[in-house]
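Student: Chains as they are written, first to last, in the working numbering: chain A, 11 to 334; chain B, 295 to 742.
Please keep in mind that the hints were generated in silico from the structure rather than gathered at the bench.
A portion of the hints provided could be inaccurate.
Unchecked claim - Incomplete in silico selection of chain B near chain A, CB under 10 angstroms:
{"id": "1", "residue": "GLY447"}
{"id": "2", "residue": "THR505"}
{"id": "3", "residue": "ASP526"}
{"id": "4", "residue": "PHE527"}
{"id": "5", "residue": "GLN531"}
{"id": "6", "residue": "LEU642"}
{"id": "7", "residue": "GLN646"}
{"id": "8", "residue": "ILE656"}
{"id": "9", "residue": "TYR679"}
{"id": "10", "residue": "TYR683"}
{"id": "11", "residue": "GLN684"}
{"id": "12", "residue": "PRO685"}
{"id": "13", "residue": "LEU693"}
Given the structure is predicted, the values throughout are model-derived calculations rather than measurements.
For every residue, glycine included, the Cβ atom is placed at its ideal position computed from N, Cα and C.
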Amino acid sequence: MGFEHFWLSGFDQVHAAFWRYLEVGLQNGAVYAMIAVGYTLVYGVLGLINFAHGEVFMCGGFAGVFLTRGILGDRVATGWGSVGLVIAGMIIGGLVSAAVAIGVERVAYKPLRQRNAPKLAFLISAIGASYFLQTLAGKEFGYGVNIFPGAVFEPGKVMFTMFGTQIDTIAVVCVIAAVVMLVAADRIVRATKLGRGIRAVSQDAETASLMGVNIESTIMITFILGGALAGAAGFLYSLNSGIVQNAGTEIGIYAFTAAVLGGIGNLRGAALGGLFIGLFQSFSVPFSFEGNVQWTEIYTFLILVLVLIIRPTGILGEKSGRTA
Amino acid sequence: MSLISPANLRRLFWIWVILAIVAVMTGTSGNNSTPPTTGVHGSFMERVSFFGLFATWRWLLFVALGVIIWLISSAYRPRARQIHHGVDAFMALPRRLTAKRSTRLILMALALILALVVPKFIHESFWMYLIVEQIGVWVLLALGLNVVVGFAGLLDLGFAAFYAIGAYVTAWFTGALPMPALFHHPIPTLWVIPLGIVAAMIFGVVLGTPTLRLRGDYLAIVTLGFALIIDDFVETQSGVTGGGLGTSPVPHPVLNLGFFHFRWGLSPTPYYYLCLVFIIIFLAIFTSLEHSHVGRAWVAIREDEVAAESVGINPLKYKVMAFAVGAASGGFGGVLTGGLVGIINPGLFTYQVSVNVLVLVIFGGMGSIWGVALGTIVIQTVTSYLDNYQPWGYQINDLYMYIGALLIVMMIFRPAGLLPSRRRAREFAAAEGGEEIHTDEVLTGEQP
Numbered sequence: 011m012g013f014e015h016f017w018l019s020g021f022d023q024v025h026a027a028f029w030r031y032l033e034v035g036l037q038n039g040a041v042y043a044m045i046a047v048g049y050t051l052v053y054g055v056l057g058l059i060n061f062a063h064g065e066v067f068m069c070g071g072f073a074g075v076f077l078t079r080g081i082l083g084d085r086v087a088t089g090w091g092s093v094g095l096v097i098a099g100m101i102i103g104g105l106v107s108a109a110v111a112i113g114v115e116r117v118a119y120k121p122l123r124q125r126n127a128p129k130l131a132f133l134i135s136a137i138g139a140s141y142f143l144q145t146l147a148g149k150e151f152g153y154g155v156n157i158f159p160g161a162v163f164e165p166g167k168v169m170f171t172m173f174g175t176q177i178d179t180i181a182v183v184c185v186i187a188a189v190v191m192l193v194a195a196d197r198i199v200r201a202t203k204l205g206r207g208i209r210a211v212s213q214d215a216e217t218a219s220l221m222g223v224n225i226e227s228t229i230m231i232t233f234i235l236g237g238a239l240a241g242a243a244g245f246l247y248s249l250n251s252g253i254v255q256n257a258g259t260e261i262g263i264y265a266f267t268a269a270v271l272g273g274i275g276n277l278r279g280a281a282l283g284g285l286f287i288g289l290f291q292s293f294s295v296p297f298s299f300e301g302n303v304q305w306t307e308i309y310t311f312l313i314l315v316l317v318l319i320i321r322p323t324g325i326l327g328e329k330s331g332r333t334a
Numbered sequence: 295m296s297l298i299s300p301a302n303l304r305r306l307f308w309i310w311v312i313l314a315i316v317a318v319m320t321g322t323s324g325n326n327s328t329p330p331t332t333g334v335h336g337s338f339m340e341r342v343s344f345f346g347l348f349a350t351w352r353w354l355l356f357v358a359l360g361v362i363i364w365l366i367s368s369a370y371r372p373r374a375r376q377i378h379h380g381v382d383a384f385m386a387l388p389r390r391l392t393a394k395r396s397t398r399l400i401l402m403a404l405a406l407i408l409a410l411v412v413p414k415f416i417h418e419s420f421w422m423y424l425i426v427e428q429i430g431v432w433v434l435l436a437l438g439l440n441v442v443v444g445f446a447g448l449l450d451l452g453f454a455a456f457y458a459i460g461a462y463v464t465a466w467f468t469g470a471l472p473m474p475a476l477f478h479h480p481i482p483t484l485w486v487i488p489l490g491i492v493a494a495m496i497f498g499v500v501l502g503t504p505t506l507r508l509r510g511d512y513l514a515i516v517t518l519g520f521a522l523i524i525d526d527f528v529e530t531q532s533g534v535t536g537g538g539l540g541t542s543p544v545p546h547p548v549l550n551l552g553f554f555h556f557r558w559g560l561s562p563t564p565y566y567y568l569c570l571v572f573i574i575i576f577l578a579i580f581t582s583l584e585h586s587h588v589g590r591a592w593v594a595i596r597e598d599e600v601a602a603e604s605v606g607i608n609p610l611k612y613k614v615m616a617f618a619v620g621a622a623s624g625g626f627g628g629v630l631t632g633g634l635v636g637i638i639n640p641g642l643f644t645y646q647v648s649v650n651v652l653v654l655v656i657f658g659g660m661g662s663i664w665g666v667a668l669g670t671i672v673i674q675t676v677t678s679y680l681d682n683y684q685p686w687g688y689q690i691n692d693l694y695m696y697i698g699a700l701l702i703v704m705m706i707f708r709p710a711g712l713l714p715s716r717r718r719a720r721e722f723a724a725a726e727g728g729e730e731i732h733t734d735e736v737l738t739g740e741q742p
């Protein structure tokens, strides 16, 4: 197969199923955006990459999945039942993830922060936390077994047909929920007192504490906010793909790529970056050599590496300290 | 009595929380073949799952254990400071005892003799094989990563990539890849050793030059990204690398000096000696590097990059050098694995391998060559034992849970490692507002 042919067939496929790729891209992008915001918020406040954030996402996904499975049993939800289940799953996922995020902060970061330990120590203990959570989930819920949240929607439920493409209800729900959550997070950070505290701490923690901002509680709120978004994202992700113990690693790296792409520390940048990565991955599927889907991963990691090497401040510019 | 004071009761609560986590960690695994089924009773209350903590009477044991630990610790609380000092003094014992050069030489000689006679005591080929594959190769890897993380202070999460390069270069030159060997002429495995080392070093330079300008956490992510790319690439390119199934067998090395002919076969013992020779070589090289001007430059960069640059040290040059030097021993580890294992597949070089090597370095003590070597032997022995005997319901995958917990605990209580390098321990203390670092030691080098 010649290289030219490879490109042409790729574009042919995109042409044939443009709206399908767009739908999948937006759906995944919404999830990535919600996780990326967590990375960016923590980076703004603590100045470190929360390596365990992917696992926070995974825990939320499991919580939501078990809740809906428990409620539904063998039944199939319809109408308002589906809506209620999605909201309940997102809430419980968000709560559990927020709790896990606080746990990670308390156990893996706080003791080190109090000793003013070097950055290397934070990275290592974060990797430890991520390993721990991932393996514990694997031990309890099985390794490599995707668990689905039961029939929250009727199987293959189509919301509407656009340009000859049937748009899944799940995709629409994911995008709407993500937009609502992201706008809420943006408002919280920009327009409330809590958000002002977060922005103040990311600008200059010491001065902020002199001005009466409680740094410890601000850090806690940041982890709660990021964790809640990631947990809700975990449930949304599991609607389509199910949740598995090592989902956090892969999705976590994609979301981190998104955060870096948008300029880490920049909330809106992270959201846009997430959307971009989702679309990019979806549209790169037809360009996989020999139809091997792993090429999508390679392309994404290439973006990560290239952005970090060429422009580590991201497309929109690193804003840690200015607008959080 | 202050036993039931609020502070003391809070301590009891936290002891219970920690023990609950331990109870879950050591408890029965969830049922992997059938994931938690539908319905409330299928998932939440499943006897074997996470939520089944209270399904057996085991929890009572842990509650009682918590009370016992609490009582003992309460009794010793007034003397906490003393105990703390005692523990510190005990942990510093190996450093103190080896303060004299003569003692160190004697210990080294003893260690060498012990290493030479180990095969005499181990008769089962299986265990000998494990010693080479699980300890020998990993000591090489850990020593290599120690140069990068310990000496130069760069967090590399993709160290397995160097290992992979060494192994795949071996497969390539010996003609074990689906792709024909270079110049269509396979060469003996033993001759690949220098080639594998050089290839890994070149790769270290190629990888390091663009990435090492980045800050610490970004560097970690970039190295991780590269490792994942290589991993995926190796798996997708089955026409070149054999893909997920692996290569065809790499031939066993043969030494032919005309008058002397030796063939490494299925028996692992000759590999053991080959590995030992190279471990000693790398130990010697790394120790002398540590005390050379290169080692001092690494210390300077690690402690304060801006200051190092202002006294004329080119940080990038020395960082790339650390990558290349570390890659050398990783690359050799790969060649050795190629000869020993034969069939090379991507499963040998995953992200988990990189993190495992990092754990060995941190456990032994970043920057402390002997600490890393000893720590590797300890951890790898324990994990090999656990994996092969699986005592107390232990399962192979559980290992990573304990590794994660170990990393956190080490970072909280003993960030400089089990057998810390003296300088590294002081850096950690200094960063935490303790002792000052004396700059003249940077210039004269660490002379323990």
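Student: Determine for every hint whether it applies to the structure shown.
Tutor: Structure-based check of all given hints:
no.	hint	in the structure
1	GLY447	holds (7 angstroms)
2	THR505	holds (6 angstroms)
3	ASP526	holds (5 angstroms)
4	PHE527	holds (6 angstroms)
5	GLN531	holds (9 angstroms)
6	LEU642	violated (18 angstroms)
7	GLN646	holds (9 angstroms)
8	ILE656	holds (6 angstroms)
9	TYR679	violated (19 angstroms)
10	TYR683	violated (19 angstroms)
11	GLN684	violated (14 angstroms)
12	PRO685	violated (16 angstroms)
13	LEU693	holds (8 angstroms)
When held up to the earlier numbered hints, the structure conflicts with 6, 9, 10, 11, 12 and fits the remainder.
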